[in-house]
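**Q** Make a model of the complete structure from these sequences and hints.
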Amino acid sequence: NLGLVGGCLGLSRKAAGKVPLVTRLFCLFILLFSLGLVAASVAKMALYVGSFGLTRPRVCTLLFMLMMGMLLLAVAVRLFVPRFAYMRVGIVAMALIGLGAAYADVDTVIARYNVRSYLDGTLTEMDVETVGSLSAGATPYLIELMEQSRDRDISERAGYALYDRLREYGLDTKDTLPQEDARAFNIDRVRERRLLQEKRGEIILWWQRYREDMTGEPYPSCDPDETAPLTTDGWAPPYDPNETPPTTDDP
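Counting from -16, one number per residue, gives the positions in the sequence shown under the working numbering.
Simulated from the structure, these hints should not be mistaken for laboratory data. C-beta atoms are modelled at their ideal positions from N, C-alpha and C, and glycine is treated no differently. Zero decoy hints are in this set.
If you anchor each label on the Cβ, the simulated ranges turn out as follows: (1) Arg177 <-> Arg133: 24 to 30 Å; (2) Asp147 <-> Ala85: 24 to 30 Å; (3) Ala26 <-> Arg66: 32 to 38 Å.
**A** Given below as structure tokens:
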């Protein structure tokens, strides 16, 4: 539609350089119609996110639609204000949106929204693998999911995703962190390293539970005295390293 508007303006420009009012009104209609399509698309995406959560493609789609909406508005203003620098405004707006997305850290936003929406009941399903595939900014929310989920399977899968991150730092076999390459330094990785070291024992326990459920056999290095007892519905209470697990009479 932007190409159609540009073609109309270019072909209908008179010798004096002015575009007839009728043509400008027609172009304004096209732009407003396009804005309506953008708004409808954003509303549909919001419903989709509300049902299934955020992913990188969904976030990028929302940002792109926001950029398109701002560009359409700038072109609409240019129709009646010839000296309005619509291209400059559009470029600046797109740059600001991109900088805002980079500052907010898309992976952190996705993980925080998905995990907390699931824990408060907004989302009925949780795609742990999607959150586990995100960068270091997702680690605090994977830990939050592992500790606070009322679904044992979700906690185990979160622990499994975190165990992969332990192996990245060699924390699966030792409790000390290797020297970090200065070129890989960022705030999220510093926070991730600290949290993984603090929660190492808990993550390994949940990983062991996951392996046991998958194979049907106790994991060789798993100490049953360290595993919190299960309730009748098969759910393990949130792990507290300072709490002595209560005994149970269940066989």
